[in-house]
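Protein sequence lines correspond, in order, to chains P and L. Just so we're aligned, residue 1 is where the first sequence starts under the working numbering, counting upward by one. Just so we're aligned, residue 1073 is where the second sequence starts under the working numbering, counting upward by one.
Everything labelled a hint here was simulated from the structure, so no lab data went into it. Beta carbons are placed, not taken as given, at the ideal position from N, Cα and C, and that holds for glycine. Among the hints, a few may not be true.
One side of the interface only, derived from the structure: several residues of chain P facing chain L at Cβ under 7 Å [to be verified]:
(1) Leu644
(2) Gln685
(3) Tyr741
(4) Ala742
This is what each chain is made of:
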Amino acid sequence: MERNLRKKLIYTFLLFTAILLYGLPGYAQTIRVSGKVTGADDGQPVSGATVKIKNSTKGTVSNSNGDYAIVAQPNDILVFSILGYTTQEVPVNSKNSLDIKLAVSNKSLDEVVVIGYGTSRRKDLTGSIGSVSAADIEKTVSTTFDQALQGKVAGVTVTQNTGQPGGAVSIQVRGLGSLNAGTDPLYVIDGVIIPPNQPSSTQGIYMGNSNTGDNPLATINPNDIASIDVLKDASAIAIYGSQGSNGVIIVTTKRGKKGAPKVSFDTYYGVQQVSKYLPMMNLQQYAEFENAKDAVTGATPDPDFANPSYLGQGTNWQKDIFRRAGMSNNNLSVSGGDDRTDYFIAGSFFTQDGTVISSNFKRTSLKINLDNKTTDWLKIGTSLTFSGVSQNVNASVYNLINEALSLPPDVSPYNPDGSIGAIPVPGQTVPNSGNPNPVAAAAINTNHIERTQAYGNVYGDITFTKDLKLHNEVTGNYDYGNINQFYPTFVVNGLLQPINSAEVTATNNKSYTIRDYLSYDHYAANFNVNATAGHEASWGTYTYLQGGREGFFANNPQDLDLGSTVATTTATAPTNSGGSSTYANEAYLARVNVGYAYKYNLTATYRYDYNSNFNPGGNDQPNDRWVGTYAFGGSWNAEKEDFLKDVKQIDQLKFRLGYGLTNNANLPPFTYGSSIGLSTVGLGQGAYPLNIANDNVKWETTKSIDAGLDLSLFKNRIQLTADVYDRKTNNLLLQDPLNGYAGTNGSGAGGAGESLAAPWINAGSIQNKGIELALNTQNIKSKNFTWTTGLIFSLDRNKILSLVNDNQALYGRINNDGVVVSRTAVGSSIGDFYGYVSDGVYKNAADLAASPKLNGTGLVAQVGDTKYVDINHLGVIDSRDETDLGSPLPKFTYGINNVFTYKSVDLTVFFTGSYGNKILNYNEVLYEDPNSETTGEFQGLINYARVATNASGAYVTNPNTVIPGFRSDGDPDENIISSRFIQSGSYLRLKNLALGYTFNPQVVRTLHIHSLRVYSNVANLFTITKYIGYDPEVGASTPNQSGYGSNALTEGVDWGRYPSARIYTLGLVVGL
Amino acid sequence: MWDCNKFKKQSDMKHVVKTLTIILLAVLVLNSCSKDFNSKGIPTNKLVANTFYQNTAELRAATANLYTTPWWAFNENPQADFIVFVGDVMSGNAVAGNAYGPPFTNFNVTSGYEGLDFGWESLYDVIGQSNTTMININNYAPASLGTAKTRALGETKFMRGIAYFYLTQLWGPVPIITNSADVVKNPILHTNTQSDVYKFIIGDLTYAAQNLPASDDAGRVTKWSAEGLLAKVYLTRSGISGTRSQADLDSAQYWAKDVVQNSGLALFPNFYNAFLTANNNNSEMLFGLQFALNGGWGTNDVRQTCIEGDDNIDGVGGGGWDGLGITKDLYDQFQAGDLRRKATFMLNGDIYSDLVTTNNPNGYTMTNAGSAYFKKYVDGGPLANNNLSISLMHDASPNYLLRLSDVYLVYAEAILGTNASTTDGQALKYFNLVRTRAGLPTLTSLTWTDIFKERRVELALEYQFWFDLKRWHDYDPTDATAFIKAQHRNAFTYNAGVVTEPTVLTGVTPVFTLPYPAAEVTSDPYLNQTPVPYY
């Protein structure tokens, strides 16, 4: 009742106003038109929309309920417009009531793009910036928002490094521009800079030999995001200076809009499941295999395997570690505002179990965004996020998937007596510590990460004149982490492991930024000037405190306090450690954009950056801490020229050109100096040199050029953005991968003072050249049916132009530095796989006699051994015959998105893919080797070379096999990387198949709600690939030896990567 | 909430606020150039080289590390115990039951064997740490520290010298590195000729002999450590050209003589007790690796856990990883009545009343007929060692790499030189001191074989025998090869004095140098090319 009354009052008022303003019209021809303006996307009222009568000055705006009323002639045309929606013209046609649905104009030319330290209209842009809207993110089922970027932005390659819930993602913007100095882009979330070299409180903390695989961006709720803008070329990046040299991803969260409170509730439930198991030998096959092996090696056959046909399937460890796992998300947001204050408040709870037992991820987040127009010259506001993440990372820490493959089928997860099953070791009286089997490791151990993060900003904008504004901002990021580990006592094969131990790490990562900039935006009839000048300073500290104890009375409770306080016969003394690091950045920045006639735009950017990671100078040394970054860009809106003005088909034809220099400071602090470490050694207090210093280490510099085209045709039904770029990075920052004789390689024991840390140096240069395309088309646009297509194509060619010297190459090593998997040399791209080319096996005695043999193994080659290709034709196979085996980097990646809507039903079909990359299937190196120690074995190994003897000597009965035969005296192929294990990583994946139904607003109104949408989504429904591992999307999943940033040298090594699951979800979005 | 309209009305106020804001802004800009940004680049959370090495205690700490951590992977690594396998399994003194044993027994250690990297890298880590410490002391330690400074430099040179000595004995020509930072500038190196490597080692050890004190805290190397090692280096170098160099033999004799006659050091009276933890670093011990009993991983000694035959010996569980046992060949070397036998290995029926554990209050009785266990360096658990907190992977006695009796025998061998036998009084005196302590009759004339056999028995399971074989092979490859081929490199059973051999392993063809680690060759193909001169 009251509501109606208010509406009536408003209408009366509006009518009254209209009469007052426009005088008394000819009453016979005028009619009063009223109605409601709603958004086509969500059915929510649109307030503040301008309603004008075409070719007149008459107009009004919609109120907070979206209602409007205007007096018009029966044959007038009403024009509805508001930023963010497509302008719509509607003839009155003598109607009194016109309800208008405004289409959201995501890609419209009026789109406002976040460019860093300000915004710009897309049509004024000179740089290359890709954007993703909230709508795009919502269509994917993503634990973290960075996963949602995959296939959405041209030039951005997103690879999920693990399928672990909340797991890390590696993102490359325009290829790998750096070797070891980190290739992750800079993330700026509501002004809060998340430095790429210190991403989160718990990342980079290693447990055992494994990465926890957690994601620094996991605390961010994807539902809160309004838009993501990716700055790609130098002219866009330069304003971020040294921090942005690998691209900048700017995340803007949702903010309130003036109007009645909008309440939105999103919920979904999903089920995840791995899509395949790898074919491992079952017990019968394994027994036959082992018997055959024992017959050759002379080992005593296992009596249990005497008659394999009596045996069953045995243990398929994959079935024991994988599970069907649930996930759910609940998100509630309220937004709105009045004349002065807008607000957006959201809370969410997300929980996901992993498809590998014990892994899980939970996130609770609270988001508050407030904007207040305090006076007509002052606007203040804040964005605050509080987030908590809780994760079980047993799967990564124990590399459970690799462990599952490593165990033979004759071992059970648990023995009949309840003790844990493991490969028996004769004579053993106490089980080995660590990880007896993956099922038990997942069940009994604790490896738990807790992160609590609060970040946000407070800003005050001062308007001096219409054009001149000052933005002041303070941001803070408080990221607290806890890593709790507990390793219990347990019984393996009847043997008690008597030691239990706990280790707790508390981390604290804080950073602050103060940012002030003055902006001047002047738009005149024929030209525009946009200028920004400012200053920014950031500080960060990272501290950690670690404690460990052994000898707990019981396996529960596990608080550190309950362990032994002294060393005992079984327990070692409690341990503790701690440390801190700090960094500081400072910058002065300026940008000027000048436009003439809205056709020509020129942008110049300069930033002067300070970074504390470099030598401060003094003592006859130069100060390397300050560096200048600059860029220039220009654009030409050709469609505005006279010769194109009348071509109606062309809405936009814009050419862009940019050039710039950016710098990278991604290296640990104080590598320019030599540090001393302390440890307790046999003679008491020890001190040791920590590193090889390089007082001359300098900024990595990248010069890049970008040329782009924006084309829009047929009333924006075809929109194309194409860019070509050439990006050259010099003075590459990397930790010199020196040979062992430099004293820089340790045993992996982690003993402090064992070896020197290799120096960080500037060496060599890399070039990335590429093409990127984004094509959006509206293929069908009719009243009831629309079909739109989005195509994203990214091609990058990476090439090493030079290194320290031309002979030198960089080697990527895995497995405690023991196995070289890649070689990065001049002329190749980063991280090319490296090893021998295998050419089947020695087929018979004649073949063996005629073929070169592997040197240096100490073993005499025999028929059935792997035959390697003698690349250098020296008649012997040795390290000089190792060669480039292909690149883990894709030739191109792509995304194809099709959206169909029919009345209220919408269907999204989204494919992503990668082409031309290679994968090193390290699982096969380990489990497809007939002469390795006892492990689980791939079924493919059944086709090992079977050696028989006839009159002319030994021969292989299955001569076309590529797998060697058994030997009695050692394993010549142990850890040898060869072409046999390099496989194609190309794939095409149906990433998302989503079907949604939006209920008719009239119908749902009877339920007292504004809007209702239900949807279902299948993620990763199928993947077309030749790769025979779990998942061709491998990325940088192999634990990185330096523990610092992403390691470009060991990409694409599949060593039991946690596969991405197929996810079925059902969801509901309710607008109240 | 204040009333914003008030500000609107008060336009003066508006200007004041604006002005204040601008001032505030200026303050922020200027403030950020505070001390955080203008620090001299020395972090507050780290010790740095420029300000370290300033007093004796800091120098002592800097050299203390060189006895422990860089040696860790040489002593033990994820692929078995490098030096035990090289020194005693490869030489035919022992067999190992784990996967890493057979390649050493059969001389087919491949270049891809990861344990090789660990041995190589560990020795180069010793060199890298020694080099850097040496350079830092030279650059930053004040001259006023006097002999404390030269003593510390002497320690670093000793460490570097012995590391190169092991490297060149195992791999032959190796690259000489004196500063890891040089490798940064020139990352791909050729190996240097073996003769130059020896010259370099001798230079280091000569400096150490001149600058180390005659006595120091227990466990620290002294002048006598350096001289003893120098004698051994000369003795080894004497044969590397294929014929023995009398000049080198004379030098070996010269340095050994100084140690045996002038050091004032003597053999520990009881051979068995010399290796007990109660007598750690006694006067006989010239150099040992010093691990930390309660130290963190990487500073601990895991040797007992790995080499013991039965984890009931120490009662701390989990031991016997390597499955080590004695070969028939080593067993045969011990004469009846040799007191060293029981101190070196355990036979079925042996009773060790000192190896007391909770479960064995009267000591340990060896009952395994199928194997002979290591005893040397197997000292038992806490109860056998004055309640030292010995635990799984945490052993308590140093790992001796040079003993006085070794120098005695070097002395005798240097005096013998290329002669068939000697009756030199000095040679006999020190040779017989070793024999007498072992409870064996003295000899009146010495042959090469007498000394060779004595060394093997005296130093068995101290990793030295492989290097004796290698030294022999340098100047007499035929006999050294034949010797190894004749070895019974297999385990045996022992029952009340009756020895049987279930399998006999003889005729194994030896390989006298290890291959360079594959990963190292992959990154540096020059390693397999002709060595270049260093000098």
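So, going through the hints one by one against the coordinates:
1. Interface hint status for P/Leu644: violated, as the beta-carbon distance to the closest one in chain L is roughly 45 Å, over 7 Å.
2. Against a cut-off of 7 Å between C-beta atoms, the interface hint on P/Gln685 holds, since the closest Cβ of chain L lies about 5 Å away.
3. For the restraint placing P/Tyr741 at the interface with chain L, the shortest Cβ-Cβ distance is roughly 5 Å, inside the 7 Å limit, so the hint holds.
4. For P/Ala742, the suggested interface contact is upheld, since its CB lies about 4 Å from the closest CB of chain L, less than 7 Å.
The structure shown violates just one earlier hint, number 1.
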